[in-house]
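> Please build the complex by placing chains U and Y with the ligands on the supplied structure of chain X, with the hints as guidance.
For the protein sequence lines, the chains are X, U and Y, in the order given.
Per our numbering: the first sequence = residues 744 to 870.
Per our numbering: the second sequence = residues 57 to 209.
Per our numbering: the third sequence = residues 68 to 438.
Don't read these hints as lab results, they were simulated from the structure.
Predicted, not measured: the structure shown is a model, and the values here were computed from it.
Don't take each hint at face value.
Stated by the list, open to error - Restricting the straight-line Cα-Cα distance to at most 30 angstroms, the calculated cross-link-like pairs of lysine-lysine (BS3-like) are:
1. K95(U) / K838(X)
2. K838(X) / K207(U)
3. K195(Y) / K838(X)
4. K750(X) / K838(X)
5. K750(X) / K858(X)
6. K858(X) / K406(Y)
Residue-level listing of the chains:
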Amino acid sequence: MQVPILKQGAYLIASIQSALEDDDLVRLCDALSTQVGKSRARGVIVDVTALDVMDSFSTRTLVELATIIRLRGAEMVIVGIQPEVAVAVVRLGLKLEGVSTALDLEEGIAYLDGKARSSGKEKNDRG
Amino acid sequence: MSRTRSRIGVVQPATGEAPVGEDTCVPIHSAADILEARKRGRELAVALGFAATDCTLVATAISELARNIVLYADHGEIRLNSVARKNSMGIVITARDDGPGIADLQRAMRDGFSTSHGLGLGLPGVKRIMDEFEISSKPKRGTTVTARKWKCQ
Amino acid sequence: MLCASGGVSEVTGIVPRTMQSLEWNTGPARKEGPQVRRIDKRMQSSTANPDQNTMAAITSKAWPPAESEKSGTAYALAGVARHRASDESGTVELLRSLAHLLRENRTQLCEEWSRRISGASLLTAMTKEEIFAEAIAVYNNYVDALESGTLEALQAYARSLSERIIPRGVETREVIGIVLLLRDVLARSLFAEYQSDFSMLNRVLDSYEPAANRIANTVAVGFVQERERVIREQQEAIRVLSTPVLQVRERLLILPIIGEIDPQRARQLTEQLLRGIRTNRAKVVVIDITGVPTMDATVANHLVQTVDATRLLGATVIITGLSPEIAQTLVTLGVDLSKMNTVGDLQGGIEEAERLLGYKVVPISELAHAE
Ligand SMILES: Nc1ncnc2c1ncn2[C@@H]1O[C@H](COP(=O)(O)OP(=O)(O)OP(=O)(O)O)[C@@H](O)[C@H]1O
Ligand SMILES: [Mg+2]
Chain X
744 MQVPILKQGA YLIASIQSAL EDDDLVRLCD ALSTQVGKSR ARGVIVDVTA LDVMDSFSTR
804 TLVELATIIR LRGAEMVIVG IQPEVAVAVV RLGLKLEGVS TALDLEEGIA YLDGKARSSG
864 KEKNDRG
Chain U
57 MSRTRSRIGV VQPATGEAPV GEDTCVPIHS AADILEARKR GRELAVALGF AATDCTLVAT
117 AISELARNIV LYADHGEIRL NSVARKNSMG IVITARDDGP GIADLQRAMR DGFSTSHGLG
177 LGLPGVKRIM DEFEISSKPK RGTTVTARKW KCQ
Chain Y
68 MLCASGGVSE VTGIVPRTMQ SLEWNTGPAR KEGPQVRRID KRMQSSTANP DQNTMAAITS
128 KAWPPAESEK SGTAYALAGV ARHRASDESG TVELLRSLAH LLRENRTQLC EEWSRRISGA
188 SLLTAMTKEE IFAEAIAVYN NYVDALESGT LEALQAYARS LSERIIPRGV ETREVIGIVL
248 LLRDVLARSL FAEYQSDFSM LNRVLDSYEP AANRIANTVA VGFVQERERV IREQQEAIRV
308 LSTPVLQVRE RLLILPIIGE IDPQRARQLT EQLLRGIRTN RAKVVVIDIT GVPTMDATVA
368 NHLVQTVDAT RLLGATVIIT GLSPEIAQTL VTLGVDLSKM NTVGDLQGGI EEAERLLGYK
428 VVPISELAHA E
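Bound conformation, chain X alone (with noise of 0.2 angstroms):
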C-alpha cells in the first residue's frame, strides 16, 4: 500500500490510510526524506490517525524519521495518535522523544506555522 504525499505550501503531508506493512512505511519515510530536500519543504506532517497500532519498530521508524528531517532542517510533526495507541506506545515503554505531535492535521500546521514564526522564517513561502 502506497501512501500519498501531498505538498501543500510549504508542507509535505503524508496521511497513512490504513495499517502499513514494514516495508511500506520505511518506503514511506524514504520518500518523505528525499521529498524535504527536493522540494524545500519547512516542514512533514505525517497523519497516523489510521494506524491502530504502533509498535515498537514503526515508532523507532518514526523516531528516526523525525531526525533526518531535522538535519535537513525542516520539522516534522506527528499527528492524529489515537488515544489507545498512545496508551500503548507509552506502556510499552516508547518514547518519542525529539518528536512532536499535535492533535490531527489542522492543529499540525497551525503547528508548524508557529514554529515558522517564532523562528522569523515566515516571509519565506506559504501557498
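For chains U and Y with the ligands alone, kept in the frame of chain X given last:
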C-alpha cells in the same frame, strides 16, 4: 551455552480455568502475516468485550511477537485462545517458532537489548502491557512466548 | 455470579437463615413414602406461618426436564416413580388441566394474591391498582409457563417487570416474597380443589411443585440479574461523575481528582481524559491532585504514563496540588520532576495554562488603569 531450555516467568493455567471456543492459529512467514495476526487478536478482544485500550494492547503485543518471529526465526506461528476463569475472560497469545532460539533470556528481556539495532523494547514491552508473561527458549530449537491478558471488570 | 440455568441454590442464598430450616424433598428417588407426612407438614406449617415457610421451599429440582431426560427413564418430576405407567403424558396432561383450572379462577386467585402481598407489606412502593395489574400479568405468564414447560416468555416478562419496578426501589426479597406467595396461593387452591381425592392431590402436588419452584427461580434470578445490571450501570455513572473532565475555556481542560486512586480508577481517568482531549480539541490539561491523599508506586507510575500519553495527543499537562509525599513517590520512581510541568495550586495552574494558550492575564488594577 546450555543446551537446555531456559525460561522466564510463569503463565500457569490457574485452577478453574477453561478454554472457550476455538483457538486461532496464524502462521507467520512474512511481514504481511504480522498484520493478519494482530487483526485476528483485536477481533478476538473485541468479541470478548475488552475495553478499547486493552484491545489495542493485545494487538500491539501480537505485533511485537510476530515481528520477532519474522526477524529472528524466519517463520513460526501465533496462536490465540480465549479462556474463562471464575469471573473473567482472558486472551492467551502464544508465539512459537523453531528458529535459532535465545541464548541469554535475561539479557533479551532487558530494556534496550537488541541484536538488530532495534529499540530492544519488544519483549520487555510485551511483558509490561500484558498481565502474565512467560518466555522459554532453547538454542537452535526455538522460542515460545506465552502472554495473557484478562478482561477488566 | 448468577446464571439462569443454575439451580435454585443461588436464591436460597438470599433467603434469611431462619427461613431455610424447612426442607421439602421433591426429588424423584424417594425411597419410602413420605408423601403423606410431607403434606401433613405442609398443612401444619401453612397454618403456622405460611409465608415464611414457603420461602424455604425452593429446592433445586430441575424442571422442565431436559430433552435427554424426557426420553429416558430419569424423567424427573417428583413422585412420578409411583405412576410410571401413565408417566410423561400423564404429567403433561395434569399440568394442562391445572393450568385450565387456574385460568378459570384467575380473578379470584389474583385478588387473593394481591391481598396477601399487601398483607405481607411487600411492594409498598406500588399502589393497590398497580399491584393488581402486575399480579394479573405475572399470573398469566406463570400459568402459561406451567402449562407449556417453556420459560422464555416468563424470563422476558420477568426482565421487563424488573426494569419497571427496580427504579421504584423494589427489592430482591420482595420479588422473591411475592413469587413464593403466588406459589402458596395456588397450592392452597389446589388443596381446596382436590381435598377429597387424596391420591390425586398427591399427584397434582408432585407435578405442580417442581414446576412452581422452577418458575419462582426464573423470576427471582431474572430480577437479581437485572438489578445487578442496573447497579453496574450506576457504579459506572458514579465513577464518571466522580471525576469530571471540565472544560474551563476553549482548549483548556481541568481534571480535578478527589480521593484515593486505585489502578482501575486510574485507567478510567486516563481513558476519560484522553477522549476528552480529542472531543474538546484541548491543548492544555490541568490535572489537580490536591484532593488525592496518597499515591502508591503503581498509580504514580500510571500518572506519569498519562502525562506522556497526553503529550502524544499534542496536549500539555500541568499538574497542580502535588503534595510533598507524592512528589517523593515520583522521585523514588525515577521520575524527573523538572520534566513534569508542576504548579503549586489550581489557580496558578490555570494561569500557567492560559499563558501557554497565548492568553494574557491582566491584573484588574491595570484594567481599571486603562479605562
Ligand atoms: N523469536 C526469537 N527468536 C530468536 N531471537 C529472538 C526472538 N525474539 C527476540 N529475540 C532476541 O531477543 C532480542 C530482544 O528482542 P526484543 O523484541 O525485545 O527487541 P528487538 O526485536 O531487538 O527490538 P524491538 O522489538 O524493540 O524492535 C532480539 O534482538 C533478538 O536477539
Ligand atoms: Mg522485537
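> Evaluate each hint against the coordinates.
Results of checking the hints against the structure:
Proximity of K95(U) to K838(X) is assessed by CA-CA distance (about 25 angstroms); at most 30 angstroms being required, the pair is judged to hold. About 27 angstroms separates the Cα atoms of K838(X) and K207(U), which keeps this hinted pair within 30 angstroms; it holds. Annotation: proposed proximity of K195(Y) to K838(X) is violated, straight-line Cα distance about 67 angstroms (limit 30 angstroms). A hinted pair counts as satisfied when its Cα atoms are at most 30 angstroms apart, and K750(X) with K838(X) qualifies at roughly 28 angstroms.
Of the pairs offered as hints, the one joining K750(X) and K858(X) holds, with about 18 angstroms between alpha carbons and a cut-off of 30 angstroms not exceeded. Between K858(X) and K406(Y) the alpha-carbon distance is near 21 angstroms, which keeps this suggested pair within the 30 angstroms criterion.
Against the hints set out earlier in the document, a violation occurs for number 3 only.
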